[in-house]
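Peer 1: Protein sequences appear in the order of chains A and B. Residues in the first sequence are numbered from 1 upward in steps of one, following our numbering. Residues in the second sequence are numbered from 1 upward in steps of one, following our numbering.
Hints in this document: simulated from the structure, not taken from any laboratory. Remember, it's a predicted structure, so these values are computed and weren't measured experimentally. Idealized CB from N, CA, C, for every residue including glycine. It is possible that part of the hints are untrue.
To give an idea of the interface, some chain B residues facing chain A are shown, with a C-beta separation under 10 Å as derived from the structure [claimed, not checked]:
hint, residue
1, Arg5
2, Asp6
3, Asn7
4, Pro34
5, Asp86
6, Ile218
Restricting the straight-line Cα-Cα distance to at most 20 Å, the calculated cross-link-like pairs of lysine-lysine (PhoX-like) are [claimed, not checked]:
hint, chain 1, residue 1, chain 2, residue 2
7, B, Lys46, A, Lys40
8, B, Lys46, A, Lys46
9, A, Lys313, A, Lys352
10, A, Lys280, A, Lys348
11, A, Lys121, B, Lys121
12, A, Lys121, B, Lys118
13, A, Lys348, A, Lys302
14, B, Lys46, A, Lys43
15, A, Lys348, A, Lys313
16, B, Lys100, A, Lys121
17, B, Lys118, A, Lys118
18, A, Lys46, B, Lys40
19, A, Lys100, B, Lys121
2 protein chains.
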Amino acid sequence: MSNWRDNIRLVEPYVPGEQPDFPDMVKLNTNENPYPPSPKVFKAIKDFDADTLKLYPDPSLHLLVDAIAKNYGIEDNQVFTGIGSDDVLAIAFMTFFNSKKPILFPDITYSFYSVWAKLFKIPYKSPELDKDFMIKAKDYYSDNGGIVIANPNAPTGISQSEDFLIDIIEHNRDVIVIIDEAYVDFCGKSALHLTKRYDNVLVVQTCSKSRSLAGMRIGYAMGNPELIKAMDDVRLSFNSYPMTRLSIAVGKAAMEDADYYKETTKKIIETREWTKKELKRLGFTFGDSETNFIFAVHSSFKAEYIFRKLKEKHIFVRHFNSPRIDNYLRISIGTQEQMQYFITELEKILMK
Amino acid sequence: MSNWRDNIRLVEPYVPGEQPDFPDMVKLNTNENPYPPSPKVFKAIKDFDADTLKLYPDPSLHLLVDAIAKNYGIEDNQVFTGIGSDDVLAIAFMTFFNSKKPILFPDITYSFYSVWAKLFKIPYKSPELDKDFMIKAKDYYSDNGGIVIANPNAPTGISQSEDFLIDIIEHNRDVIVIIDEAYVDFCGKSALHLTKRYDNVLVVQTCSKSRSLAGMRIGYAMGNPELIKAMDDVRLSFNSYPMTRLSIAVGKAAMEDADYYKETTKKIIETREWTKKELKRLGFTFGDSETNFIFAVHSSFKAEYIFRKLKEKHIFVRHFNSPRIDNYLRISIGTQEQMQYFITELEKILMK
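Same shape as in the complex, but just chain A (with noise of 0.2 Å):
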């Protein structure tokens, strides 16, 4: 027995949501996007140079940069990307995240802010959301080292106020207060504006939900110049090409159809709506999603045993075994056809 396996790193084993690849499936377990990406995106693709694969990618990441802060009406220098919102906020927490004091996000919140905490060795704090799934604002204004605030929350669906978030802010200038903004388009409550009053907000946002782009890996931060230099500063200390070619091709072509991604964005709230009605109808209740998923409980049957039954018929919805929140069904919002015949299964199964 050799002793190198003494030096491994252990992990808690994670298990990510299921990729299900059936053809007659609807799939509504990773809030991915049920429309295809812009024409512009085909485009890019169809029109892309292969030959240009040969040479390493611009460092800067500028033509993807630039589309970004032109969508935004923000400067280059106010734009930081990555492989995804994942790899933006991993980055966020290496950059800014060096305190002694524990940084704070709430008990229920995207899964992954507790993992990198732990893999940066940052410690942290978890307040608890009140039974409402709301965040109390006292539990932020204590001493520590930075804040994490998805808005609209996730698994939740659930936004807090532009004047919550000011107070939040106003109540810690000493530290960086990150928002994560991954599903705001479903709602269209950006904080960026904030950027500019104050220089320690962080406003990340991604490509993979209304831009349907999930599988391109594409995330963005945007902020005051000095934050974004920080963050390009830790990454090119460590990384020199971290996006391929063919991300800074796509992702431009995504920025630059805004209106394409206005309309899929409107049917999809607009399917939400009718989502929400139709569950009410069904027995369910739910915070008021302002996402591309709805967070529901039913008033009789459990969670797991509607998931387990919609599995049956092909139909992937997400359920979490975490405490508080293990009697709930994550929804994604796919397009009409499938919520309706979503809701039609959905409806025989509690009818049994």
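With chain A's structure known, arrange chain B on it following the hints.
Peer 2: Just chain B now, with coordinates in the frame of chain A:
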């Protein structure tokens, strides 16, 4: 003045190799391949269904892993893939180097080894190469936390023999020995077969050099299934979807066209040998490169002077301002035509 600045991570500023972009340039500074990727790569991109980008990639990267395994005649569970060999090596460092003893790698080698060691707080020592840039085996007999050997080494271009590697491995059965084979296809002396004999050896390769895919960021590690699983576990613990759907499709296509890459590699080797003769004629000396670059010093002209003069002609080579190697130029091998032009212009500079 806000205090959030106190918690920003301080990093050593890093300047990546120049990525100039002149229509007439001869770019011999970042060891890229002068030939286009395989026609199968062009086809994979043209045929790619952009609609699938709305879905997350397969977290197991199955199609790419399987194509790599087939190409090398090994099993899927012996292959780990990542975003360039930089990503693969960084994850290997995190996974295997958790001892309190220092890991060992030469003083002159790939510059990112020490960067990752610092990043992950891994103690390390860098024994000096001898005056001919060869590794002194006995430096690697001492108690240590792991070993990393680039073979062929960069930026020297020189290989150690298989007997040498076996000696190092035999002396270090209790730690992981990483053999970084980024340039191995230009000498054909892979240590891959040693991973069968030694369960503590990990071989790392890349699609960036011999496979003309620097712009696609695809690297891989091969070794016994226990090592691969440990790396998979570490990665999945903090990143569910590391590679884009296009990376998977492009990498698979490249792996399925070994014949094409044998041809382009052969051409590069022929041009390298021609370039060696010409450089000798012009008064350069260098170790016997087995890579797609030559690391050369001139008998009378300073490297920095030649570097600057070439740059004026839009010919880009690499000059490192580091101890012991600051009078060397690292010259990537381009096409035969590019190298003829390079030699002609170089001769003019040296004649003046």
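Peer 1: Work down the list of hints and note, for each, if the structure agrees.
Peer 2: Hint check:
For arginine 5(B), the interface hint holds, since its Cβ comes within 10 Å of a Cβ in chain A; the closest pair sits about 8 Å apart. Taking 10 Å as the C-beta contact cut-off toward chain A, the hint placing aspartate 6(B) at the interface holds, the least distance being around 8 Å. With its C-beta approaching chain A no nearer than about 4 Å, asparagine 7(B) sits inside the 10 Å limit, and its interface hint holds. At about 7 Å, the closest approach between the beta carbon of proline 34(B) and any beta carbon in chain A falls short of 10 Å, and the interface hint on this residue holds.
Taking 10 Å as the C-beta contact cut-off toward chain A, the hint placing aspartate 86(B) at the interface holds, the least distance being around 6 Å. Taken as an interface hint, isoleucine 218(B) checks out: its beta carbon lies about 9 Å from the nearest beta carbon of chain A, inside 10 Å. With a C-alpha separation of about 15 Å, the suggested pair lysine 46(B) and lysine 40(A) falls inside the 20 Å cut-off, and the hint holds. Using a Cα cut-off of 20 Å, the hinted pair lysine 46(B) and lysine 46(A) holds, with the two alpha carbons roughly 5 Å apart.
For the given pair, lysine 313(A) sits about 15 Å from lysine 352(A) by alpha-carbon distance, which is consistent with the 20 Å threshold. Proximity of lysine 280(A) to lysine 348(A) is assessed by CA-CA distance (about 15 Å); at most 20 Å being required, the pair is judged to hold. With a C-alpha separation of about 11 Å, the suggested pair lysine 121(A) and lysine 121(B) falls inside the 20 Å cut-off, and the hint holds. Restraint check: the Cα-Cα separation between lysine 121(A) and lysine 118(B) comes to about 15 Å, which is no more than 20 Å; the hinted pair holds.
Straight-line distance between C-alpha atoms of lysine 348(A) and lysine 302(A) comes to about 15 Å, which keeps the hinted pair within the 20 Å bound. Simply put, lysine 46(B) and lysine 43(A) have alpha-carbon atoms about 10 Å apart, close enough for the 20 Å limit, and the pair holds. For the given pair, lysine 348(A) sits about 11 Å from lysine 313(A) by alpha-carbon distance, which is consistent with the 20 Å threshold. For the hint pairing lysine 100(B) with lysine 121(A), the CA-to-CA distance comes to about 17 Å; that is within 20 Å, so the pair holds.
At most 20 Å may separate the alpha-carbon atoms for a hinted pair to count; lysine 118(B) and lysine 118(A) meet this at roughly 18 Å. With a CA separation close to 15 Å, the supplied pair lysine 46(A) and lysine 40(B) stays within the 20 Å bound. Pair hint lysine 100(A) plus lysine 121(B) holds up; C-alpha atoms about 17 Å apart against a cutoff of 20 Å.
Violated hints: none; the structure is consistent with every hint.
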